[in-house]
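Engineer: Take the sequences, apply the hints, and build the full model.
Protein chains: 2
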Amino acid sequence: MALSTDNLKGVTLALLSSGFIGASFIIKKKGLKKAAAASGICAGVGGFSYLLEPLWWVGMIMMIVGEVANFVAYAFAPAVLVTPLGALSIIFSAVLAHFILKERLHALGILGCVMCIAGSVIIVVHGPQEREITSVLEIWNMATQPEFLLYVTSVVVLVFVLIFRFAPCYGQSNVLIYTGICSLMGSLSVMSVKALGTSLKLTFEGMNQLIYPETWFFMLVVVTCVLTQMNYLNKALDTFNTAIVSPMYYVMFTTLTILASVIMFKDWDGQSIGNITSEICGFIIVLSGTILLHVAKDYERNPSRGTYTQISPTLTAQLNGEMLKHVEGSEMSSDGEIVVNIKRPDLYKK
Amino acid sequence: MALSTDNLKGVTLALLSSGFIGASFIIKKKGLKKAAAASGICAGVGGFSYLLEPLWWVGMIMMIVGEVANFVAYAFAPAVLVTPLGALSIIFSAVLAHFILKERLHALGILGCVMCIAGSVIIVVHGPQEREITSVLEIWNMATQPEFLLYVTSVVVLVFVLIFRFAPCYGQSNVLIYTGICSLMGSLSVMSVKALGTSLKLTFEGMNQLIYPETWFFMLVVVTCVLTQMNYLNKALDTFNTAIVSPMYYVMFTTLTILASVIMFKDWDGQSIGNITSEICGFIIVLSGTILLHVAKDYERNPSRGTYTQISPTLTAQLNGEMLKHVEGSEMSSDGEIVVNIKRPDLYKK
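Protein sequence lines, in the order shown, are assigned to chains A and B. Using the UniProt record's numbering, the letters of the first sequence correspond one by one to residues 1 to 350. Using the UniProt record's numbering, the letters of the second sequence correspond one by one to residues 1 to 350.
Among these hints, one or two may not hold up.
Since the list gives no way to pick one copy over another, a pair counts as held whenever it fits inside one copy or between any two copies.
To be verified - Below, in silico cross-link-like pairs of lysine to any residue (SDA-like), each with a Cα-Cα straight-line distance of 25 Å or less: (1) 9 to 276; (2) 34 to 6; (3) 235 to 208; (4) 30 to 201; (5) 266 to 134; (6) 9 to 272; (7) 266 to 164; (8) 102 to 147; (9) 266 to 121; (10) 9 to 69; (11) 201 to 16; (12) 9 to 275.
Keep in mind that the hints were calculated from the coordinates and are not lab data.
Structural biologist: Shown next as structure tokens:
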């Protein structure tokens with residue numbers, strides 16, 4: 001227990017970030033609905049009227065504020081602590097959807113929320129303390145230690161193999177290719193974001209770090225990694241169902257980030273076995289909760305329940321003629337998924 | 001961390017107990033199946049041929065061994081530690097059913113198992129140490145402290161109100177009445193079992209406790225509480241579906257037992273806030289995992305999946321004539337539930 005002031009700041013920022021990002025989904029969706037009601041065209045069908053809707057822009061700004069808070073959180077607390085707390089944005093979004101959008105939360109979803117919260121509490125209680133860093137050169141030394149260089153090399157080689165060897169053939173059929181690239185790059189993004197964030201924090205505190213080329217190098221790495229990550233995340237979301245991509249991406253990304261942080265920042269050095277065990281358990285629990293929340297979303301619109309089935313935009317194009325006759329309407333879910341309601345779900349075979 | 005020898009013995013016994021009890025379900029079911037195949041009559045329909053089946057008796061003996069191990073575990077480790085570990089028997093049974101009975105474990109069930117294990121690890125890592133007790137009189141003093149007497153009085157009053165006021169009117173319609181009585185009595189059972197177990201342990205170690213009337217009083221309390229608990233548990237299981245009774249009973253029983261133990265044995269005195277928080281989280285996680293496992297069982301035989309639906313023995317009698325024409329057969333599940341397979345589940349409305 002006994003969080004240091006810096007850890008406390010980091011955790012608070014991470015929680016605020018999750019709150020903002022979670023709320024932004026809901027406000028954006030409310031904006032989309034309002035715009036659709038006004039123009040008669042749904043965003044999923046190609047309208048851009050939502051760009052004129054102030055609510056949508058409020059959501060967009062909240063999302064940006066959330067991402068900035070997340071960035072700053074990395075400057076104050078270890079990645080092992082900040083990254084898993086990202087799962088809480090799903091909870092905020094699920095709970096707000098329940099109250100504001102009146103989207104009934106499935107019992108399994110509530111269980112998933114409880115797990116994510118319990119797991120997060122355990123992670124925060126047993127998380128390591130942030131090391132005192134006084135110069136970007138210290139981070140540079142950590143980043144160039146042999147163990148971490150080995151990790152970076154493995155990641156880069158793996159990403160290249162995935163992009164040039166596997167993505168062209170299997171990218172459209174195997175969900176692991178694109179999400180794998182995102183997650184591998186994501187772990188490097190977080191490490192460089194943490195390095196850059198800490199440098200900027202030190203600079204604001206009066207110890208100018210911009211005079212070191214290392215700071216600028218970290219900035220370059222951040223831009224490269226984040227752009228690659230975003231590019232392939234969009235590809236994954238375009239190709240596959242959000243309900244499959246999101247939990248898979250979250251699990252791989254968080255696992256690799258924690259691995260990278262443990263190697264680079266030696267987060268677990270000097271921690272008791274009890275603490276490390278608790279952290280790993282807490283992490284597994286948050287992951288399970290996240291998976292459960294996504295599964296619950298799927299159950300909600302399960303064909304078996306009645307008339308609902310969930311079809312991603314790409315799949316919509318694959319609906320056969322017989323099925324299209326039975327389409328009752330479509331709506332957009334809180335995670336931007338288009339849900340098509342059909343009267344005869346039995347005709348839809350995957 | 002750093003379990004004391006006594007705690008370690010207690011935890012090992014609790015794990016063994018869960019293993020034996022979990023395996024006993026499976027072996028008993030295998031015995032029932034074998035007996036049914038030999039005689040052509042299913043146990044659920046009224047046959048008693050399983051009494052001639054050695055496998056069934058092996059299962060019965062394993063169950064008794066498991067219960068004894070559980071009893072002894074309470075003599076070595078705090079109830080706060082031993083009680084939640086009881087959930088692991090469900091995992092053992094689910095995993096063994098998957099491999100031995102080839103009952104496919106639902107993805108949600110696997111998630112539930114992972115959660116129960118992770119939660120149990122956290123509870124064990126952060127559980128309190130067992131106090132050094134040298135005489136039954138010490139336990140007597142703990143049991144007669146005002147706080148605990150207040151707890152006992154409240155429980156007894158509540159149980160009487162439930163039995164004489166609510167059970168006659170609502171017992172058959174509200175699942176909380178019978179399970180509430182079981183859980184309230186269960187918390188007293190565990191406390192008296194712990195007192196008796198510790199006395200017997202001391203006696204075996206050469207410090208005869210049978211000379212004190214207090215030991216005999218605790219024995220009387222054990223018998224009274226356990227008999228009442230068993231009686232109302234059977235009533236609950238007779239009236240309602242196992243899938244509803246089991247998780248509800250487990251949640252209430254474990255919560256009340258932990259509450260009783262914290263009041264009587266002051267388990268949380270001298271523990272850090274971090275430890276207590278972790279224990280509570282671990283406990284919530286195990287509870288969520290247990291609920292998830294039971295929900296998963298229900299989904300497996302969900303009418304929507306095809307031809308299965310789950311009907312308790314009492315409900316079977318309520319099936320209407322139209323529905324009975326479509327019954328394909330019946331089988332007994334690993335938790336003793338009778339499952340009737342019908343071709344037209346849509347005819348069955350609760």
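Engineer: Does each hint fit the structure? Answer for all of them.
Structural biologist: Taking the hints in turn, this is what the structure says about them:
Proximity of residue 9 and residue 276 under a CA criterion of 25 Å is satisfied in both settings, with 22 Å inside one chain copy and 23 Å between copies. In this homomeric assembly, residue 34 and residue 6 never come within 25 Å of each other (Cα to Cα): the closest approach is 41 Å inside a single copy and 64 Å across copies. Neither within a single protomer nor between protomers do residue 235 and residue 208 lie at most 25 Å apart by alpha-carbon distance, with minima of 39 Å and 74 Å respectively. Proximity of residue 30 to residue 201 under the C-alpha cut-off of 25 Å is found in neither arrangement, the shortest distances being 36 Å within a copy and 65 Å between copies.
For the identical chains of this complex, residue 266 and residue 134 are intra-copy neighbours only, at 17 Å inside a copy versus 45 Å across copies, given an alpha-carbon limit of 25 Å. Taking the closest pair of Cα atoms, residue 9 and residue 272 come within 25 Å of each other both inside a single copy (24 Å) and across two copies (22 Å). Taking identical chains as interchangeable, the C-alpha atoms of residue 266 and residue 164 are never at most 25 Å apart, the minima being 33 Å within one chain and 62 Å between chains. Taking the closest pair of Cα atoms, residue 102 and residue 147 never come within 25 Å of each other, the shortest separation being 50 Å inside a single copy and 44 Å across copies.
Both within a single protomer and between protomers do residue 266 and residue 121 lie at most 25 Å apart by alpha-carbon distance, with minima of 22 Å and 24 Å respectively. In this assembly of identical chains, residue 9 and residue 69 lie within 25 Å of each other by CA distance solely inside one copy; the values are 11 Å within and 48 Å between copies. In this assembly of identical chains, the alpha carbons of residue 201 and residue 16 lie at most 25 Å apart only when taken from the same copy (19 Å versus 53 Å across copies). Proximity of residue 9 and residue 275 under a CA criterion of 25 Å is satisfied in both settings, with 21 Å inside one chain copy and 22 Å between copies.
Hints 2, 3, 4, 7, 8 from the earlier list are contradicted by this structure; the remaining hints agree with it.
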